[in-house]
Amino acid sequence: MKALMFGWEFPPHILGGLGTASFGLTKGMAQCGDMDITFVIPKPWGDEPKDFARIIGANSTPIAWRDVSTDYVESRLGKVMDPQLYFDLRDHIYSDFNYMNTNDLGCIEFSGRYPDNLLEEINNYSIVAGVIARTVDFDVIHSHDWLTYPAGIHAKQVTGKPFVIHVHATDFDRSRGNVNPTVFNIERDGMLHADHIITVSNLTRQTVIEKYGIPAEKVTTVHNAVEPLSEELLNLEVPEKHEKVVTFLGRITMQKGPEYFVEAAWQVLQKVHNVQFVMAGSGDMMEKMIRLAARRHIADRFHFTGFLKGKQVYEMLKASDVYIMPSVSEPFGISPLEAMQMGVPSIISKQSGCAEILDNVIKVDYWDTNAIADAIYSIIQYPAMYKHLREQGLDEVNRITWDKAGAKVINIYKQLM
Amino acid sequence: MKAICLYFQIHQPFRLKNYRFFDIGNDHYYYDDFANDDIITRIAERSYMPAARTLLEMIRDNGKKFKVAFSISGTALEQFEQYVPEFIDVLKELASTGCVEFLSETYAHSLSSLVDPDEFIEQVQVHDEKIEQMFGQKPKVFRNTELIYNDDIAAMVASMGFKGAITEGAKHILGWKSPNYLYKSAAAPKLKLLLKNSKLSDDISFRFSNPDWAAYPLTADKYIGWISNLPEEEQLINLFMNFETLGELQPRETGIFEFMKALPRFAMENGILFMTPSEVVSKMRAVGELSVLHPISWADEARDTSAWMGNIMQDEAVHKLYSVGERVRMCDDRRLKQDWYYLQASDHFFYMSTKHADDGSVHSHYSPYDSPYAAFTNYMNVLSDFMTRVEEQYPSEIGNEELNSLLLTIRNQEKEIEALNREVTLLHTNIDKDLTGDFAPVAAEVKAEPEAEPEKKPAKKAPAKKAATKKAPSKKATAKKTAAKK
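Note that the protein sequences, when read in sequence, are chains A and B. Under my numbering, the first sequence has 412 at position 412, and the numbering climbs by one with no breaks. Under my numbering, the second sequence has 1164 at position 164, and the numbering climbs by one with no breaks.
Source of the hints: derived by calculation from the structure; they are not laboratory data. The structure displayed is predicted, hence computed values, not measured ones.
A short list of chain B residues far from chain A (calculated; beta carbon distances all over 10 Å):
#, residue
1, 1126
2, 1133
3, 1171
4, 1418
Just a few of them, taken from the derived set where beta-carbon distance is under 8 Å, the chain A residues facing chain B:
#, residue
5, 238
6, 239
7, 242
8, 287
9, 295
10, 297
11, 299
12, 301
13, 319
All residues carry an ideal CB built from backbone N, CA and C; glycine is no exception.
Taking the hints into account, I'd like the entire structure generated from these sequences.
This is the structure in structure tokens:
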């Protein structure tokens, strides 16, 4: 079966959980066999893994005809795509886009991030999708998250092939209910055009049904999974810590509930002294959190590392004794699974999607700082608790694999055809 | 007869390196050696050295009628010793002219006067000892970090025996009064106060080379003219500034050095003298009392302490630091004490200031950090490690008082052992005398009787001294152990 997927991020150049999940799912589906996946992203860097999917960059797809030689294309795009594909795509330009801002190859530039002119990039992406949909052969269209819904709709209108959208998050999660109407409309439009909707958790499924008014039978939950970690990461050497370390890792934004972590830390520090709390990451609430920690007089025990990337994330986890994710609303939340893979006992909010599939973690309401503090205290004070969560958690998370999720998605494809 | 009292501040902090969370508990070296070396060497080359030579020249040319005072923080002196020893030589040369006075201040350029009186007093003593040891004069006039001053500080300073103190002529304190008089503290009337003339000081520090300024270009002639045109009764002009003003803030090209060199000549023509602060204090009479309830300083527009303790981050950092003060003073680990001083420099808290607009730009100009938040997190990481080290010496479970009494016993024990030792040797000689046939003096025997036990022990073993000295450290160790267990 051939699938055309539209995504925004792909490892190793990721900005959030979307890239990790898109990649994991693609790989899991490939492992199920008999899948041919074309994955479109705005801006490939050339070092993306190509074993499971053919990657097409929106920024290397021509939308305006340019008379260029094979050698020139090779020299410009050789790193990210086969020149032949460029010419195939060029043969399928469907309209005169010379009025657009295009480069020497007739392509539009993309940032591949979340710039201020995001809506413009989303629109450009769907223009490019028209060329790709006319060129590539596929049986089903699969769009990851709202940024790519317009592209999927376009591809469906061009080819009439079944259209699946994958809801990794909704704007209700990102904004704590303060929805941006433009984003909401793009999301809802995608959901209405889709032949089937996949959500990453039942929590998100409920949101889609209730807030966007989508018939329940059109929505199926396929929980995310995790990639097994490499030996290198599992055996990372980190400086030994002489004190217990409790870690929060993620964007410091309203959605992640960082303030509940600070309050819980304050409570724990009233009882035990030799604990260090770490808030790793950056975000618009970071300065507010620094001030909050200072106001609670725990700043000598509460540390901020700033944004961590790549290996630093795993170093941080390796050095931790407790991982905490007090998200106010988390469609899935892959990071506790990564913490568990590193053998770190985790505390997660009941309001996160991953709570639906995890058993060997401590689940609390995000607003219940007493319960969070109790949970932290028990893990750092009672070795049996720590050992149990560490070992059972590791065992549990190792059984959550992407091929199972991949099989479910393939099953949905089959029903649509 | 008018007098100019000129004083320069020299201070450099030990800047902290980027200290990551992972370093806590593992890395106990906190300083950015490269930046510290680089900055002080650069400033010394552009400012301190040429400026000090200029002053030396001025003293020689004017037959010692030109006088100046310095206030140099202990951390700056340490950095000079380490990176620019030639500047110390110039300072010593200045000291030997007899026209230069060195002022007292806190060793670490710290805020201890506001938070920790014990620390404050100790640091002033440490600083003055260092000054005396280096320059052979004992400071007589006190100048607090950044001219911070209030009535409480006045009382402490007076109790330490200082006759005068230097502070800011803050408008909200002076009201209609002029800074050009000698005042005395309302809290400690024996303490005379020299107040900075902000306008005339800042004319040199900040406006000297500003072409938009109405008085630009400023010449020595014009400047002295302003001073001599002041009312006849206003006799004391206190010009206080950073030493970097000469050469760094106002670069050599602005003609600042020539301006300085010309000052004494025009001053003398107008009958204006130069006096050091201690001369002022001993020769002039105070015209009135000043009461300062809330601390003032020479920083920012508000002239208060909000540049260092104006937001919750700064408060948190300051109070966390001084929460271990008592413990650090009890211990004798030299590295710990050194770090303790370096971490107290007011600059660390200055970097955390979130004040905006005009004042904010001064803060960010001097700060090695991108934001006050970065300054705070880095400092707290370092402080966290430092506090862990203090705790390793004295666990936090023991109260300060209990710890104090334990330490007191340990120290007394040493003295006790010493005293007993002396007695033992005395008795020993008596026994020797007994053996040789001399009759022991009764007094010694009577005195020895209450301490029968220690008398017996050394009697068994011949080398009494050795046994006693061996015993001393073991006793000390067990006492420490019990302290740790508790």
